[in-house]
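**Student:** For the protein sequence lines, the chains are A and B, in the order given.
According to the numbering used here, the first sequence is numbered sequentially starting from 180.
According to the numbering used here, the second sequence is numbered sequentially starting from 15.
Misleading hints may appear alongside valid ones.
[Claimed, not checked] One side of the interface only, derived from the structure: several residues of chain B facing chain A at Cβ under 8 angstroms: (1) K188; (2) D189; (3) R289; (4) S290; (5) E293; (6) R294.
These aren't lab readings, by the way, just hints derived from the structure by calculation.
By construction, the Cβ of each residue, glycine as well, lies at the ideal position given by its N, Cα and C atoms.
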Amino acid sequence: MDVPRTVATALADRPVAGKRCLEAGAGAGNATAGLLANGAARVYAVTNDRDHARTTRRRVGDEGNRSSDGDGNDEGGDDHADRLAVLEADLRAVPLPDDAVDVITAHGLCNVLDPASLSAVAEELSRVAAPGAHLVVDDYDPVPDGAAIGELFAVENAASELSRGRPALTFYPAAFLRRFFAGHGWEFERERTLLEPVPWTESHVAAHADQAVDAAKEGPGETGDALAAAARRLESEIGSESVGRMYGLAFRLPD
Amino acid sequence: METRPLGDTGHDSTVATFGAIALNWLEQEGANQLVEHVLDYGVNHFDVAPEYGDAELKLGPKLRQHREEIFLGCKTQERTYEGAWRKLDRSLNRLGVDTIDLYQVHGLEYEEELDAITDDDGALAAFREAKEEGLIDHVGLTSHGDPGLILDALDRIDDLESVMFPLNPVVAGKDDDEYDYEAVLARADERNVGTLGIKAFAGGTWPPTDELPEADRPFANWYRPVTAPDEISERFDFAAAQGLTSVVSAGDPKLVTMILEAAADYDGMDEAAQRSLIERVRHDDSPVPEQLHH
Ligand SMILES: NC(=O)c1ccc[n+]([C@@H]2O[C@H](COP(=O)([O-])OP(=O)(O)OC[C@H]3O[C@@H](n4cnc5c(N)ncnc54)[C@H](OP(=O)(O)O)[C@@H]3O)[C@@H](O)[C@H]2O)c1
Ligand SMILES: C[S@@+](CC[C@H](N)C(=O)[O-])C[C@H]1O[C@@H](n2cnc3c(N)ncnc32)[C@H](O)[C@@H]1O
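This is chain A alone, in the form it adopts within the complex (with noise of 0.2 angstroms):
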């Protein structure tokens, strides 16, 4: 698979070559592939979906055959699935034992942790990573005002508020995590800007409108339903938005 530019840009300033990954929240693989393409010794890709877990298996795991510079015999092009690991467990109990990693990234997680997880989830991360051990943490900024695609996740959040208790999205901005993980030990190196506008193409935008009609469904019969038709007006009316500010905080744990 190709390894996004977001993620690129990301890891380029930072000594993944050889070392001890965790990808927190492994999605899609985008982050895991990026690690293993820039020479990994191990990646632990911990997601709590069976599916994103199947899903970074195949996409990373399977098909390692063509890393970073896509010729199919670079060094740990073909060897992928031997130094990829996908984890299915809660990161606020990470199945690993303390000083265990020298890399972690946080590629687009905290956005789908409430307080109280990002909270968790911070201790465990702290817990696990290596004196010395880098953090990547890239994120978006709250979606400025007056854009749709901020009616869409406040639907979105307001089913998931009724059904579960607790929000799907939550956008930290970038000076809230660098104070935040500051807060955890973490010593602050550097932010960049990975993409601006955020590009919400189509595909994203059906996504979170799945997401926000799922949630509907378990919440209370009149208003998940109302709620459930906002979300997918809402989906047909936006199509896609390029809106808002993807950022990359990078930290480090002192020696």
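Chain B with the ligands: place on chain A using the hints.
**Tutor:** Positioned in the frame of chain A, the structure of chain B with the ligands alone reads:
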């Protein structure tokens, strides 16, 4: 309009090059008007080829009127010494000019063609003679084929002064070597060879002809172009921001004004915006590299 040095040629090309294939779709009067329009924007580099229908003939009158203002690129798909000489004479006649500023090997696709043009009785031997005789000033090469082949050409042709190749955010988002035209740009820069970008405005491939017959396509390009002004301008900005010497305008005359506007307004594109564009389009189909089987 911004200009950039075209490699070692000593010519500074405007950041937009006029793809004169657009004239093929116009009557003579419209063609004359389009050339004046392009010159009004300050564009000083034109690109034409004998394969573009009547484009050479239709460019002729205004080219002769404004010969001093135009750096003229032309090309040949001939691979042999004899063939290249014949085509060069023919182009000079059809254009009605004494010299061509940049004469290019057109549409290189196969390694055997590279062997052929570099052979003792290959096209490049004719190019070199023509250069000595003052009929052409500079030697270039174009390809929308495999980037590896263009890299080989850069390595093997010592007197190559420009290369024309595809570059757009769709191919930039793909990691495989077959899409790695950025490597071509980097190698050309190293060698101080001028770089001309094509397919900057390619949106993807056309639907299959049983869904959309060729006659019903709304644009003359053989790929599906982006067509909205915003998209045209971000595509232009992207191509120019990669560091190409110049971006060649698309083949359909309906798109030319939008491209000229984008070129006139060009003032860089920051990297986060470039990544944003790549991220938005990188899953699209790419019409290049393409085996055109000329
Ligand atoms: N018969 C063919 O194989 C063939 C190939 C290409 C285009 N065309 C005709 O040209 C029209 C528009 O061309 P386009 O859309 O490709 O161009 P474009 O990107 O819209 O315009 C860029 C200019 O660059 C030229 N160009 C593009 N690729 C090139 C290459 N590999 N080598 C040298 N020059 C190149 C184009 O002609 P070229 O692409 O010809 O080179 C054109 O002059 C089409 O509607 C089609 O009718 C025919
Ligand atoms: C938006 S995706 C991240 C994208 C991914 N990093 C990539 O590069 O493609 C978020 C991921 O975090 C996972 N996740 C969210 N909360 C989690 C938790 N408490 N424990 C484990 N995984 C979690 C989700 O299942 C999903 O796989």
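**Student:** Hints first: check each against the structure and report whether it holds.
**Tutor:** Evaluation of the provided hints:
1. K188: holds, 5 angstroms
2. D189: holds, 4 angstroms
3. R289: holds, 4 angstroms
4. S290: holds, 5 angstroms
5. E293: E293(B) check passes; min Cβ-Cβ to chain A is 5 angstroms, inside 8 angstroms.
6. R294: Since the shortest Cβ distance to chain A is 4 angstroms, the answer is holds.
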